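Student: I would like the entire structure built from these sequences, with the hints used as guidance.
So the protein sequences, as listed, match chains P and Y.
At position 190 of the first sequence (counting the first as 1) the number is 190 in my numbering, and the numbers step up by one without a gap.
At position 75 of the second sequence (counting the first as 1) the number is 1075 in my numbering, and the numbers step up by one without a gap.
Keep in mind that the hints were calculated from the coordinates and are not lab data.
Any given hint could turn out to be false.
[What the hints assert, rightly or not] Heads up, simulated EDC-like pairs for lysine to aspartate or glutamate below, C-alpha to C-alpha not over 20 angstroms straight-line: (1) Y:K1156 - P:D92; (2) Y:K1156 - P:E336; (3) Y:K1156 - P:E98; (4) Y:K1156 - P:E82; (5) P:K332 - Y:E1029; (6) Y:K1156 - P:E100; (7) Y:K1166 - P:E98; (8) Y:K1166 - P:E336; (9) P:K115 - P:E336; (10) Y:K1166 - P:E235.
Please read all numbers here as calculations on a predicted model, not as lab measurements.
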Amino acid sequence: MSAGANFSIEQDSSGGNRLVLSGPYLVSTIGAIDQDLRRVDVALSCIDLSNVTEIDTVGAWAICALQRDHGGEVTGASERAERLMAAVAGLDGNAPIEPERAPVQLRVTEAIGDKVVNSGVATLNLVGFLGLIVLAVGAVIRHPSRFRGKALVRQLELVGVSALGIIGLMSFLIGIVIAQQGAVQLQQFGAEALTVNLVGRITLRELGVLMTAIMVAGRSGSAFAAQLGTMKLTEEVDAMRTIGISPMEALVLPRILSAVLMMPLLGFYSAVVAIIGGAVIGDLTLGIPFFTFLTRIKEVVPLYDLWVGLIKAPVFGLIVALAGCYQGMQVKGNSEEVGLRTTMAVVQAIFAVIVLDAFFAVFFTEIGWG
Amino acid sequence: MSEIDEIDPDDFRHRRFRGDYPIVVEGLENRFGDQVVHEDLSLQVRRREILGVVGGSGTGKSVLMRSIIGLQTPSAGEIEVFGRSITNAEPDQQLGVRNRWGVLFQGGALFSTLTVGENVEVPLRQFYPDIEEDLLHEIARFKVMLSGLPEEAVSKYPSELSGGMKKRAGLARALALDPELLFLDEPTAGLDPIGAANFDRLTLELRDTLGLTVFLITHDLDTLYEICDRVAVLADKKVIAVGTIDELLALDHPWIQEYFNGPRGRAALASKARAKMDKPATGGA
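Tutor: Printed below as a string of structure tokens:
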């Protein structure tokens, strides 16, 4: 006795074809014989179920389909088989399981059109979002009591304080890499003492703020988008509106403000730690004593380098927070959207930060802060 | 037929359970930190019955269901489903049981990126990879229709469905593997009275045609009166009573009395009595 389902076609006395099914006809056994059953191409006079040991709706369905395609009278059915066949009979349809897909050339043009229209809509939405922020700022200035101090402090902690560890480590390593690699190149000119200039100027002016902005985009921008997106999905944002709390004031403003306030601090901190990293390498491999390295920084780095970094930082913070909050508030539909929007928030933030950094570089050089 | 009646433990997959109690819970204990949800809880579910599970909020109805289906490891106690231990089973051994039950979660828990039809196909693909695509699609279609949804629903995404349709789609997925045991977590919560009554009728019909055993968590007194064979009452961290509603009312427990004799309980009873009187006149409508 085998565990699987089986069938055979026999000639009966009157010359008709008798299909004899045997074994269990279950969802677990049907897969093995379904293709063979579909290849039956003779008219049947009788479908004999008396040897069927077990049956479920899938088995009953297969038998109903056989009867529909080839005719024949079902005999020997158990009470359960009859009941199940009655339940599934007539439930056949041919609706597609996946939604219909258009041919590829149509889909491509449609996708391009969608992109164009969507980017137009997105630009409008973004302008609208900026407008809402301005309104929220105005409202908070007029009614300072509505400002969410606690939410701001909480966000300051999440964006700033809890990022100190990872940003410190990253900056320290970057300082080491710049000093070490820079020294190798500068040694060819016998100018390894200039490593101090290299590390000091590049971290305060560029890398400190830029790397911090990228880190904040990854840590906080993504968190903003995911949090706000989930809150939109669970209707928390709508609940706030009905209670009379403006989500812009309660959710978006504290996040944006915390990023704008924290970015200069984090950027400066990052530059300082990177310089320490450079000084450590200077001490270990270039023979520049640690404290000499630090005093030299004061002599070779013009003060405006610090200003350049500190002016860029809040702008980068604004961009990162805007991208995160905007994408988060655009979430609707399903949980997949939260993931997509979060990715988009991070990608857009980093891209915008780097583009803007290039403009800043040109601008500051032109005004003589080279 | 006699050879089928012997239960051969090695050939578990192709046989229906023939014991009397598909679910046996003995001395179950669940605790979260200091909070004890269940203590020495015992329950037996009879084959082919619809067992309603009731209890106040926070009495651990859902935790009990999650323990039985293996989503929650109990702190102590023994749970057997189809005569096999769930509590001490290796994940591999549980697989032999997992394809024999279907679960309808409260919100439907449909996979939101798949259509209804694809949702129904997920468990089939998981357990029976040898089923060909055509048959898979056919099974998905008839299960969806068996759950009372229109044929067109198979290609819709869950976000395009109403609450009642989501529950039916969830039911279709729960029925995908032709389970013998069906767990329903508040199936009529959030449905309008007509939708709820239809869902009750569907549950009853499916039990009768497919021979299901149904474990049903509910707060809906109409459901309890209309379709449940027995009702288990959860209170004081255990099942304090199991029986028909009449049997429960005979007990002198304050919570049970308040539950069934409160204004809503009386209304449900009255509507059942009315339905019985109307039946000869209106026929099977």
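Student: Straight-line Cα separation of K332 of chain P and E1029 of chain Y no greater than 20 angstroms?
Tutor: Violated. K332 of chain P to E1029 of chain Y sits at ~41 angstroms, over the 20 angstroms cutoff.
Student: Take a quick look at whether K1166 of chain Y and E235 of chain P sit within 20 angstroms of each other, Cα to Cα.
Tutor: Holds: K1166 of chain Y and E235 of chain P sit about 18 angstroms apart, inside 20 angstroms.
Student: Would you mind confirming whether the straight-line C-alpha gap from K115 of chain P to E336 of chain P stays at or under 20 angstroms?
Tutor: Satisfied, since the Cα-Cα distance of roughly 19 angstroms is no more than 20 angstroms.
Student: Can you confirm whether the C-alpha distance between K1166 of chain Y and E336 of chain P stays at or below 20 angstroms?
Tutor: holds, 18 angstroms
Student: Within a Cα-Cα threshold of 20 angstroms, do K1156 of chain Y and E100 of chain P meet the stated pairing?
Tutor: Holds. K1156 of chain Y to E100 of chain P sits at ~11 angstroms (cutoff 20 angstroms).
Student: Does the structure keep K1156 of chain Y and E336 of chain P at a Cα separation of 20 angstroms or less?
Tutor: holds, 16 angstroms
Student: Does the alpha-carbon distance linking K1156 of chain Y and E82 of chain P stay inside the 20 angstroms limit?
Tutor: Judged against 20 angstroms, a Cα distance of about 32 angstroms means the pair is violated.
Student: Quickly compare the C-alpha distance for K1156 of chain Y and D92 of chain P to 20 angstroms and report which way the hint goes.
Tutor: Holds, at roughly 18 angstroms.
Student: Verify the proposed pairing of K1166 of chain Y with E98 of chain P, using a straight-line Cα cut of 20 angstroms.
Tutor: holds, 17 angstroms
Student: Is it true that the CA of K1156 of chain Y sits at most 20 angstroms from the CA of E98 of chain P?
Tutor: holds, 8 angstroms
Violated hints, in rising order: 4, 5; the structure is consistent with all others.
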